[in-house]
Every structure is written in structure tokens, then in C-alpha cells.
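Letter by letter, the chains look like this.
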Amino acid sequence: GAGVSQSPSNKVTEKGKDVELRCDPISGHTALYWYRQSLGQGLEFLIYFQGNSAPDKSGLPSDRFSAERTGGSVSTLTIQRTQQEDSAVYLCASSFIPLETQYFGPGTRLLVL
Amino acid sequence: RKEVEQDPGPFNVPEGATVAFNCTYSNSASQSFFWYRQDCRKEPKLLMSVYSSGNEDGRFTAQLNRASQYISLLIRDSKLSDSATYLCVVNPSGGSYIPTFGRGTSLIVHP
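Line by line, the protein sequences give chains A and B. Count the first sequence with the working numbering and you get residues 1 to 113, in order. Count the second sequence with the working numbering and you get residues 114 to 224, in order.
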């Protein structure tokens with residue numbers, strides 16, 4: 001079956017603009033995670049969705065970041081008023097149940113000029 | 114002490130060599146553990162889970178040492194295609210569902 005997909009694969013934007021990143025998890029996976037990975041760095045947790053429960057937003061770096069997951073499937077991560085330090089690869093992962101094997105999408109490479 | 118620590122490397126080894134990486138974790142109550150592999154400019158992919166009794170998958174062996182709070186990954190007969198970054202992942206206990214990723218260990222296998 002299809003894996004996790006993300007769009008766009010690359011995004012170049014100007015400082016101050018808003019961007020929206022999309023993640024399509026594997027069908028039937030209840031858990032969805034967003035991470036950020038800067039060049040040469042590890043994965044930084046951003047937000048976690050599980051079914052219809054309230055998301056765990058504890059990793060969001062500022063109130064410019066928000067995310068939603070509609071119908072327990074597709075998720076969008078929105079960054080408002082982008083800053084240069086937001087430049088990174090944004091990775092989405094899903095798992096059948098929490099803390100089991102995570103399947104990652106190919107990521108969105110965001111560059112803020 | 115960081116929650117999950119890995120030697121960033123790089124480990125530079127010839128083909129056919131045996132190489133081992135460790136990953137230490139600080140939370141003694143951590144429940145489960147994984148090794149992921151990440152190729153350059155690609156997403157992480159599961160390599161193997163780490164079971165309490167240790168487990169082997171072909172040339173790869175993973176072990177857990179709860180007393181000393183580390184997991185290890187042993188790669189035998191290294192191939193050029195093993196060149197990648199290896200991430201350890203430690204899952205929490207106590208109601209949290211947020212895994213912690215190590216920053217990864219870089220392996221370069223040369224001819």
C-alpha cells in the first residue's frame with residue numbers, strides 16, 4: 001500500500017510569509033507525528049495526534065506554529081510569519097498505534113529567505 | 114545528561130569490518146527501543162526493534178542493557194550500502210507518547 005506522503009517536497013518562501021505543509025498518513029494509522037530536522041541535527045518533535053484526542057503540542061517552538069488533523073487522517077502544519085530559523089526539513093510520521101514503528105514521509109524542505 | 118545520547122562519529126570502516134554503536138538513555142523507565150537508518154537527504158526508516166533478549170537480523174544485532182541504560186547495534190561484514198546515519202529511538206513510559214530520537218551516528222563504509 002501507499003506510504004506516508006508529504007507536500008510540497010520543497011518550499012522556498014520569503015521571510016514573513018505563511019506556509020502550509022501537508023501530510024497524508026498511511027490509511028488506518030491512528031498516530032501522527034510532526035518533526036523538524038535542521039541540517040546535521042537530530043529530529044525535533046513538534047506535535048502529536050492520536051485519534052480524536054487533543055493533540056500534544058508541547059514541541060511547537062512558538063505560537064507561529066500550528067497544526068490540525070482533519071477526520072483523523074490528513075494533517076497540515078502551518079507556520080505563520082516565517083523566519084529564517086524556520087528553514088529545515090519538516091517530517092511527518094504515522095504509526096498504527098502510538099509508540100510502535102513510525103513510517104516517515106519524504107519530508108518538506110523549507111527554505112526561508 | 115541528555116535523554117538519549119549517541120556518538121555522532123563518523124565511524125569510517127573498510128568493507129567487511131564489524132562495527133558497533135551504542136546509545137545511552139537517561140530514563141530508566143523507558144519502555145521500548147528501536148534503531149532507525151537515515152540515508153543522506155532521506156527520511157528515517159526502521160532498521161530493527163530492540164528486544165530485551167536481544168535480536169538479530171542477518172548481519173545486524175541489537176541488544177539492550179537495562180542495568181547500564183544503553184542499547185547497541187552491531188553490524189557484521191559491513192557493506193558499502195550500510196553507509197548511513199543510525200538513529201536510536203527510546204520510547205517513554207508513564208503515559209507519554211513522544212519518542213526521543215538520538216542525533217544519530219554516522220557510518221561510512223569504504224572500499
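Hints in this document: simulated from the structure, not taken from any laboratory. Warning: the hint list may mix true and false statements.
Claimed, not checked - Straight-line Cα separation of at most 30 Å, DSS-like style, residue types lysine-lysine; simulated pairs:
1. A:Lys-17 x B:Lys-192
2. A:Lys-57 x A:Lys-17
3. A:Lys-57 x B:Lys-155
4. B:Lys-158 x B:Lys-192
5. A:Lys-57 x A:Lys-11
6. B:Lys-115 x B:Lys-158
7. A:Lys-15 x A:Lys-57
8. A:Lys-15 x B:Lys-192
9. B:Lys-192 x B:Lys-155
10. A:Lys-57 x B:Lys-115
11. B:Lys-155 x B:Lys-115
12. A:Lys-11 x B:Lys-192
13. B:Lys-155 x A:Lys-11
14. A:Lys-57 x B:Lys-192
Going through the hints against the structure:
1. A:Lys-17 x B:Lys-192: 45 Å, violated
2. A:Lys-57 x A:Lys-17: Holds - the C-alpha atoms of A:Lys-17 and A:Lys-57 are around 22 Å apart, at most 30 Å.
3. A:Lys-57 x B:Lys-155: It holds: about 25 Å lies between the C-alpha atoms, which stays within 30 Å.
4. B:Lys-158 x B:Lys-192: 18 Å, holds
5. A:Lys-57 x A:Lys-11: 23 Å, holds
6. B:Lys-115 x B:Lys-158: Status holds; Cα separation ~23 Å.
7. A:Lys-15 x A:Lys-57: 24 Å, holds
8. A:Lys-15 x B:Lys-192: 43 Å, violated
9. B:Lys-192 x B:Lys-155: The hint holds at about 19 Å.
10. A:Lys-57 x B:Lys-115: With a Cα-Cα distance of about 21 Å, the restraint between A:Lys-57 and B:Lys-115 holds, given a limit of 30 Å.
11. B:Lys-155 x B:Lys-115: 25 Å, holds
12. A:Lys-11 x B:Lys-192: 35 Å, violated
13. B:Lys-155 x A:Lys-11: OK: B:Lys-155 and A:Lys-11 at ~16 Å, within 30 Å.
14. A:Lys-57 x B:Lys-192: 40 Å, violated
Taken one by one, the earlier hints fail for this structure at numbers 1, 8, 12, 14, listed in ascending order.
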